[in-house]
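Engineer: Chains C and L supply the protein sequences, listed in that same order. 167 is the number that our numbering gives to position 167 of the first sequence; each next residue is one higher, with no gaps. 1141 is the number that our numbering gives to position 141 of the second sequence; each next residue is one higher, with no gaps.
No lab work stands behind these hints, which were simulated from the structure alone. Glycine residues also receive a C-beta, built at the ideal position from the N, C-alpha and C atoms. No incorrect hints appear here.
Now the in silico label distances, taken between C-beta atoms and shown as ranges:
# : chain 1 : residue 1 : chain 2 : residue 2 : range
1 : L       : Y1037     : C       : E112      : 19 to 27 Å
2 : C       : T160      : L       : E1025     : 40 to 48 Å
3 : L       : T1114     : C       : T121      : 19 to 27 Å
The list that follows gives simulated cross-link-like pairs (lysine-lysine, DSSO-like), each with its CA atoms no further than 27 Å apart:
# : chain 1 : residue 1 : chain 2 : residue 2
4 : C       : K26       : L       : K1086
5 : C       : K242      : C       : K125
6 : C       : K95       : L       : K1136
7 : C       : K19       : C       : K156
8 : L       : K1136     : C       : K61
Listed below are the residues making up each chain.
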Amino acid sequence: MQQLQTDFQSRDSLISYVKTLAPWAKGDPSPIEGGRQNAELKLASIDPKAYGETRNFGDGKITRLSPYIHHGILSLSEVRNFALSKCGNPQEITKFIQELAWRDFWQRVLTEHPDWAWNDTEPYKTGFTASDYADHLPDDIERGETGTTCIDAFIKELVTTGYIHNHARMYLASYVVHFRRVKWQAGARWFLQHLLDGDIASNNLSWQWVASTFSNKPYIFNLENVHKYFGNLIDTSPDANKLLHASYEELQIRLFPNIKGAL
Amino acid sequence: MNQPLIWLHEEALRVTHPVFRAAPEGTRAIYVWDDEYLSQLDYSLKRLVFMYETLCELPVEILRGDTVSIIKQIAPSILYIPATTKPHITSTMSKIKSVANVEVIPDENFVTITKAADIRRFFPYWNMAQKTAFQKNGGIDA
Ligand SMILES: Cc1cc2nc3c(=O)[nH]c(=O)nc-3n(C[C@H](O)[C@H](O)[C@H](O)COP(=O)(O)OP(=O)(O)OC[C@H]3O[C@@H](n4cnc5c(N)ncnc54)[C@H](O)[C@@H]3O)c2cc1C
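Produce the complete structure using the sequences and hints provided.
Structural biologist: Have a look at this one:
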């Protein structure tokens, strides 16, 4: 057995070393750096009170702690304890604590049902069966060249940084499964390759939630919604995003033609 | 004489993880760079670099090879492993159990739930979880 190097002059030399260990690994390193020191710096700057009101927005006060929490660099309990210490009344940070709890919830679900990691927990509620969905992710999605500008922007961020906002994850998952009719498993696998926080429990079960195999109805979105939450960050003009420029009623008919009546 | 050992995997990369308290002080800790395991996961370089730079800050030896063979070779008196839900790691753990005496150590609890939660939907879970989610250490005295 070979003992590997742990002492490096610079991040660049560490990166070169990892490349030699894993010549098969694709892409470039992320600007987001690992380690406990970086985790503590990020933790010190969280704003759990403002979180509740702003978390759905692309530039909201989200924490970006997920890569550190996923790797156990910070425990969920430690993050909660720190957030409690920053507020007078725990009720002020209800939403934040609840979102942390989602991670705990997904972990418990997977512990109880390891087979749900890759199998549909329930049938799709889209008027389609699993066999109607493609097995593989289309190349244009992988390359971020779908022609729908906001989707391409989210993909680019995912691939270059390994982190995207929760709302962007929901949009991309919905786009893959419902707009392109691809199996959630293909999308989940793709996210796991790239997300620094890529976690089978949170990721795969969230994909199932969007797909409707672990929820009562499929999650869909339209351009108006992307514009509301990300309009100041990316191009959400109708011309550049024609596919998404529709009302929810129109989308439901287009995406789920077998379903009559409300979802 | 055989010594205890900690096998750290990528979901428990901190020295304050309970696995370090469970093991006797000064227990050797290793992370195994297992080429087959990692290439199966097919992670992008971003993920590997993030993990590696985190490992470099920890008091842990990084050994390259097949996980089960390395543990067999070291032959620890007892092997401490942080709990995880990750299927790739749990399947390696099952193999390790045939070559070593294993103790799996869970991470700190986020909440204290006594009754089995209904795990099909979030809100039945949350109704139970919220009783301790707003307490330091999830209601447990650290
Ligand atoms: C399709 C899809 C895939 C996802 N894949 C992952 C994944 O692989 N790994 C992952 O950690 N999260 C995943 N999430 C959940 C969520 O998007 C991220 O945890 C969150 O965006 C991380 O950013 P943050 O640290 O700024 O979160 P914040 O909003 O600041 O929340 C703080 C912490 O709470 C936890 N958390 C918050 N929201 C959720 C949630 N909905 N589910 C689970 N945990 C949550 C995370 O640990 C997060 O770091 C996914 C969500 C979707 C819709």
